[in-house]
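Chains as they are written, first to last, in the numbering used here: chain A, 1 to 989; chain B, 1 to 497.
Since the hints were derived computationally from the structure, they do not count as laboratory data. This one's a predicted model, so the numbers in the text were calculated from it and none came from an experiment. Glycine included, C-beta positions come from ideal geometry on N, C-alpha and C. Take these hints with a grain of salt, some might be off.
Below, simulated DSSO-like cross-link-like pairs (lysine-lysine); rule was C-alpha separation at most 30 Å, straight line [to be verified]:
(1) B:Lys30 / A:Lys451
(2) A:Lys897 / B:Lys373
(3) B:Lys497 / A:Lys803
Below, a sample of chain B positions facing chain A; criterion: calculated Cβ distance under 7 Å [to be verified]:
(4) Leu25
(5) Pro29
(6) Phe38
(7) Ile82
(8) Ile266
Listed below, chain by chain, are the residues.
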Amino acid sequence: MAILEKKVILILAGIVLSVLTFAQTRKITGKVTGPDQSPLEGATVVVKGSGNATTTLKDGTFAIEVPGGGKTLVVTYAGMEDLEIPVSGRTDFQIHLKGKGSQLDDVVVIGYGTQKRRDLTGAIATLSSKAYKDQPVINASSALQGRVAGVAVTNNSGAPGGAVKIRIRGANSINANNDPLYVVDGVALSSIGLSDLNVNDIESMEVLKDASATAVYGSRGANGVVIITTKTGVSGVPRVDYNGFVSFNKPMKKYQLMDPVTYAKTANLTAGASVFPDPQSFAGKGTDWQSLIFDNSTTQSHQLSVAGGKEGTRYYISGFYTDQSGILVNSHQKRFGIRSNLDLKLTSRIDFGLNFYVARINSHNNGDMGSKGNPVTSALTWAPTEPVYDAPGQYNRFGISPIWSNPYMTIKERNSDNFSNVGVFNGKLRYTITDWLTLTVNAGLDMNISKSAYLNNDWISQGNPGSGQGSSESYTFQNSNILTFHKTFDRHDLTATALVEATSNKYNTFSASGSGLTSLSNGYYNLGLNTSKAISSGYSNWSLLSYMGRIAYSYNNKYLLTATIRRDGSSKFQGNNKWSSFPSFSAGWKLSNEQFIQEMGVFSNLKLRAGWGVTGNQAIGPYSTLGLLNGVIYSYGTGTVSQGYTLGNPATPDVKWETSRQTDVGVDAGFLNGRLNISADYYNKNTSDLLLFTRISNYDGGGSYLKNIGKVNNKGWEFMIEGTPYKDGNFTWSTGFNAAFNQNKVIDLGKDSMLQRTAIGGGLISAPIQVVKVGQPMGAFYLIPWEGVYQADKGIYKAGDAKYRDVSGNGSVGFEDRVISGSATPKFTWGFNNNFSYKNFELNIFIQGSHGNKIFNATYAATAVPTSDVKFINLADAANYWTSSNTGSTWANPGSKNKSWVESTQFLQDGSYVRLKNVSLSYTLGRSLLKLVSAKIYVSAQNIATITKYKGFDPEATTTSAGSDVDGAIDLGAYPSPKTITVGLQLKF
Amino acid sequence: MKRILQYSICILTLGIMGTACKKYLEETPKGSITPVSFYKTASDLQMAEAALAIQLNGAFNQVGSAYYGGDDIVSKRSGNKIDMSDFDVFNANSSNSRMTNWWNYFYATVKSANSLLVHYNDATQATQDQRNNAGGYAYFMRATSYFYLTRTWGEVPMPTETTIVDNRPNAKVQDIYTLIVADLQKAETMLPDHWSAPAKQSGVDIFPTKGSAKALLANVYLTMAGWPLKQTDKYALAAAKAKEVIDGKATWGYSLLTNFADIWKIGNRFNTEAVFACYYNNQIPTYSWENGNMMSPNPYAPDYEEGGWEDGMGDISFYNSFPTGPRKDATYQKDYFVKNDPNNVVDWQHTLQKHPYFLKYRDDFSYDWSTHKAGNWWGSATSFLIRYSEVLLTYAEAQAMSSGPDASAYDAVRQVRSRAGLPPLSAGLSQADFRDSVVAERGWEFAGEFGVRWFDLVRTETVQKANANRDASEASLINQPSDANHTYYWAPVPVIK
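With the hints as extra help, turn the sequences into a complete structure.
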């Protein structure tokens, strides 16, 4: 009651005061200058406690109305320290802003809290949105590529919205997921991925690399954590930003294939008969399938945002639209969405924030291209002698080789759509209990509600058209309650954090499909038109309960110590295995605050860091340990299906957490007053109790079951250097280089020394070509050693037959002769970024590289060796085959009566590459030219040049899942990334 | 006081979750079937039976290389057919990619059968008959799988329960047959005379019946009488079992179709000659590998002329010895349309490969007989594993070998030959001559059908002998099989077991 009365009085008093002061408004003027006394244009000047705000003009001057009650001016400018000036009775101000000391004063978002960069003890890298401002990015993962040491980013698929593989300090787990955890404004993403966000909303990304930093995320931290902070409004007049670009994409390269005459001749030789009676008749004719399925395409992106705020309220609102066409014809993706970030100061003690993001993603034919008969592999292997059409409008459905259907028909007639509604929402309440104790309650939700639909017309499914729809919804709820204590006593500075967090995910699917579609006129909208129908649905749910405590202590601003412990309980494990604890310790020594270092006068900053911690991985699917039955369908020979169930993989209630122990030692050094910064880290990470889906022998029915066996080690070092080598009034060159060496090794696999992976691409590849083997990195290739061709007859082999090493010595060549032949895991990745600015021009050159990895080029093999599916070869190189008059060739004679093996080292290629990822040139038009608007135009090029020995389209593109590291780098018609020219415009109002 | 209140709020907030913690972390797989809740009702049993059918379907929806040593079928030795050819010319090794389909799917069937055998009696909400039928079906499917496995590879691992045993040792051939016989003896008592829909379609039982079990057991006994067990006392058992089927053919609805060609029409994919078969349909609403059959329309169709896969062709000398008549006309293609042109017809001697091509398994929903063009790469043909004609021939051979070629044996062969447009066997044949005639008859009757001929050659120890007649124009043998030493009688066990 008393409180209410107080409030009423206050409100009344406020009204009276504002009425009284209204009459006393006066105008003041001034000028704002920067550190070098130059006028600052666009600085924000606000009268504190009122809504009045303005921005400075080109000469730094401003004029503002100050209400009678206005006592203080707040002046802000990006990169400068905020300044508050009492108005007193003055009417003219010379305001001088100081630059922010260095980035060491930046506040870094760590898990469940923040820290100043100079006080960090863990290995945490920050990627500010400024770093990639001149690179047109549609996906946040593209922004990460090559920019943070120890973060390896590979564009597995060049499809619009295609999969990207991101690994922080290598891969730890054999069967579980190795993707980092993404945390957006405190919400750990589960239902959606990094690529579902609007990259333009991102203010900064903090990459938590070592265990002392990620241990606060416990069971979800083993693969590193990327903390994403979205933009917030700044007090002042609304700032409107527009950012748009148009990109023109084209394929990076093409395969050199046989002309139809050579093809026909070679086919005759392969068949040992005149399959083509008159090869010459194809001269000057034929079909270039490759050109048919690839096309130049365009991408456009538009982004509009409004940010601002008044006393107690700040907002950032954005909307975006992108329309991306793939370089494979008839594939595209459209995305649009909005974000609203709102921060309110409810009382002096209570802050409330509400972040809201939703987007719609419409994808057309950009789904899985992975099956062996995909349009890319088909187009490369389809006989050039075949016509596209039999008659006008009538596709030539099947050709002489391969057995797959006409790729142009497949790609043109395909109609498979996906519509996703994705969103992240969170509300955050911060209650400042006392000046040293704060309670933060964050409730978040991320969701993905998707619908898929397809129509198989008569060309896709001859004589039996069909249609289907599917829906899925995934919701992850998260509630985090954080209590933070912070107090400084003399030279002691102590921060303590306690957390209780609950996370749960629900996933539902539903699908209906039909065949015998009686009319195509309704597309996939009327499933009732199908004669025969099937429905299915699924459900899963998992939950995680977590407690965490952290103490960060600093003595005399020299010695830093952090200790954390997290305890996680997961629904995915059973009984006593549900719970596990994840501790960490780290320490830092700020040498640059020591007298003896300061006296050297060399270092503007010097800090040593060391940390150790334990993290976990529970990234197995829900119910993985329960031994569920396998569902199958059976037709009884009829056109309808019935459900069946059979024994699945065995239940494994003893399975427990996979844990990683990581040690990190690092040094941060700054020179020349922060103009040159160097960071280096060494780490050693041991993952044990690996969650391994162990293959069950085929004679026991095949399949696999979960076991906690084995160890994997990742060790390496990371190096980062950033600096400004040259700077004068007009010209600045700033540069950054980062590099990471990672050595990945399987240490132990329990009683096994080697586990074979499942073969992919049957009919083309008929045995596993990758294994997990002790002493080898993950993704080890296991292939028959190829030794060129026989130069002379030997036993059953004739001169010109492919020659392989009989490793087993059993007198015949087969899968028992496979040997370890390299790995899909890169050993060294790096990025080199340069910005040159001269007056209003800015040039960005960004180069990125990856080395030491192999790729099994199954696409290439499919064009070069007869297989069950592809009986005639088509690769131009292979036309230069061995004959008695061409003994220099290593290509087997197609007329050979002995087998050429796809599963051989002949098709293992070096996947290393150096790529000119981005070159952009921009010009900024000053406000004076355009009055209210500042504009920047730029032109840029991506993937414009690549140095690689890889013979496929794109060394980044692979068919194997981005989620797996033991199956990696097999290119079986992977969707290549394009090279791109972009024209862009940025406007600020 | 205020402070205490503030702290209490914090502690409360932090503590809320702790209380509900236990329940929060429980797993309830609402959308999945767990072993705990399954095998209880009649529907559960029916779903387990469907799963068994689909596993065996996987073994018979494409050609396998393991029976290419038979003299009925050959492969060209080039390009992508070398895996088939390697068996044809006795050069196969353990990496042969076209034999693993059998290994994997037979053992997958064994696993599903073992699981059902452990649990069928738990289905207390089903009737005793339903439980018995399910158990009998599982015994039948396990026996079928091991029968193919041991005939193909000899000594193989023999799991009879669902536990996982690494490096499981091989079982002796005798032990495998002991299990097969025991399983089929249970199956013939537990299986029904007829199933009901969906396991009965167009009056034909999709699942095996008592009759199917007896027919298979007759085949098993006949095989046991030959190599490698050579237990000649089994001839009498084989004859008796086959006779039960013949005598009860009205009960189970078996008969020979009047026209041999009708067996292979897609419209007759459910027919009364099928004693046991795998049934497919690729027109179902969802894609499912084991529900479609790649035996039709492509693998036996000529490649160059008509766009088939040419995975197997007719052996020339076998073709030449094949007696003419309606059966030969339905077994081999006569007219070949060059480039699918019905106006450009050649005979087999003028095809590119100069081989006759099998016509069995050709007809399908997508096959256009006017151009000999397939509209789809797979189809819905039925893979017959035991046809009624085989029961007749099994009886004839077994009866002759146990009691001599009596009238009943002659009559059984007569039925098969008569449909083929052939006169009865000449009277008064010796036991051995009669047997050889029946084995030859089986070769023609079942040419190109999943290794029937190959297994006959193996059990009668005539692999070498049969291949001696190989036409000179065929790919020459890289290694010679021996009927004395039985080399190349068994396929090499797959390198990935």
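Hint check:
{"no.": "1", "hint": "B:Lys30 / A:Lys451", "verdict": "22 Å, holds"}
{"no.": "2", "hint": "A:Lys897 / B:Lys373", "verdict": "29 Å, holds"}
{"no.": "3", "hint": "B:Lys497 / A:Lys803", "verdict": "26 Å, holds"}
{"no.": "4", "hint": "Leu25", "verdict": "5 Å, holds"}
{"no.": "5", "hint": "Pro29", "verdict": "4 Å, holds"}
{"no.": "6", "hint": "Phe38", "verdict": "6 Å, holds"}
{"no.": "7", "hint": "Ile82", "verdict": "4 Å, holds"}
{"no.": "8", "hint": "Ile266", "verdict": "11 Å, violated"}
In summary, the one numbered hint that this structure violates is 8.
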